[in-house]
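A.B. asks: One-letter residues, chain by chain:
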Amino acid sequence: KAGVTQTPRYLIKTRGQQVTLSCSPISGHRSVSWYQQTPGQGLQFLFEYFSETQRNKGNFPGRFSGRQFSNSRSEMNVSTLELGDSALYLCASSLKGQGGSPLHFGNGTRLTVT
Amino acid sequence: AQKITQTQPGMFVQEKEAVTLDCTYDTSDQSYGLFWYKQPSSGEMIFLIYQGSYDEQNATEGRYSLNFQKARKSANLVISASQLGDSAMYFCAMREGQGGSEKLVFGKGMKLTVNP
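Chains as they are written, first to last, in the working numbering: chain A, 1 to 114; chain B, 1 to 116.
Treat the hints with care, since some could be wrong.
What follows is a set of in silico ranges between Cβ atoms, one per label pair, in the way DEER data are often shown [said to hold, decoys possible]:
{"no.": "1", "chain 1": "B", "residue 1": "Asn-115", "chain 2": "A", "residue 2": "Gly-16", "range": "25 to 31 Å"}
{"no.": "2", "chain 1": "B", "residue 1": "Glu-17", "chain 2": "A", "residue 2": "Ser-70", "range": "45 to 51 Å"}
{"no.": "3", "chain 1": "B", "residue 1": "Ala-71", "chain 2": "A", "residue 2": "Asn-77", "range": "40 to 46 Å"}
{"no.": "4", "chain 1": "A", "residue 1": "Asn-71", "chain 2": "B", "residue 2": "Ala-18", "range": "22 to 28 Å"}
{"no.": "5", "chain 1": "A", "residue 1": "Leu-11", "chain 2": "B", "residue 2": "Ala-71", "range": "44 to 50 Å"}
{"no.": "6", "chain 1": "A", "residue 1": "Thr-14", "chain 2": "B", "residue 2": "Glu-17", "range": "20 to 26 Å"}
{"no.": "7", "chain 1": "B", "residue 1": "Arg-72", "chain 2": "A", "residue 2": "Gln-17", "range": "46 to 52 Å"}
Simulated from the structure, these hints should not be mistaken for laboratory data. All residues carry an ideal CB built from backbone N, CA and C; glycine is no exception.
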């Protein structure tokens, strides 16, 4: 069974640009979450989608947005990029969206903003 | 607010020895879940083990076991018979208990180095 797939693996953008990251969850998983990982702040929750609905959102500015499609694939978008947006962005999916089902993470997209 | 504390920034262990990675948490929820993840240098977060707040027995998964002490709010990961491939960052995380949310709060992580 294929794992969580994130594309692209690496991305270099300049300040002011926007970027879209993609995540394909494990087949059958309907819950998708996004996390930002930086050396300074660690792992921080961005948002969570279940059945195309955003169920939870972290404390990030409105420049960060996301969506989920009917096939559970998800995208996140960051507009007007800032240097501080440089990070590893991790997507995770889970089976039931509740209880003890673990989150399965992808390899991440490493975004560098110059 | 929930919080996860991992106080050990780094640990060194000899191959084949056991090692305990510390994690304490703070929550006012009665229902919560605790997770341990491993992150090699490649970046992928690998799920290791899960403990529910109502689980009466400590979780075990192969060489991984979780020493869950609810009253002390600690959930330490024990790795038995360390292997060179265990060298990685390890993160303790907690899931909020209500509404089926998938939000995890992570600790700062700790780096484990296994020496031959």
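A.B. asks: A separate judgement is required for each hint: does it hold in the structure or not?
C.D. replies: Hints and how they fare:
For the pair Asn-115(B) and Gly-16(A), the beta carbons lie near 46 Å from each other, so the given range of 25 to 31 Å is not met. Between Glu-17(B) and Ser-70(A) the C-beta distance comes to about 50 Å, which sits within the given range of 45 to 51 Å. Separation of Ala-71(B) from Asn-77(A) is about 44 Å and conforms to the stated range, judged on CB atoms against 40 to 46 Å. Between Asn-71(A) and Ala-18(B), the C-beta spacing of about 44 Å breaks the proposed range 22 to 28 Å.
Checked against the given bound of 44 to 50 Å, the beta carbons of Leu-11(A) and Ala-71(B), roughly 46 Å apart, stay inside it. For the pair Thr-14(A) and Glu-17(B), the beta carbons lie near 48 Å from each other, so the given range of 20 to 26 Å is not met. Evaluation of the 46 to 52 Å hint for Arg-72(B) and Gln-17(A) yields a pass: the beta carbon distance comes to about 48 Å.
When the structure is compared with the earlier hints, violations turn up for hints 1, 4 and 6 and for no others.
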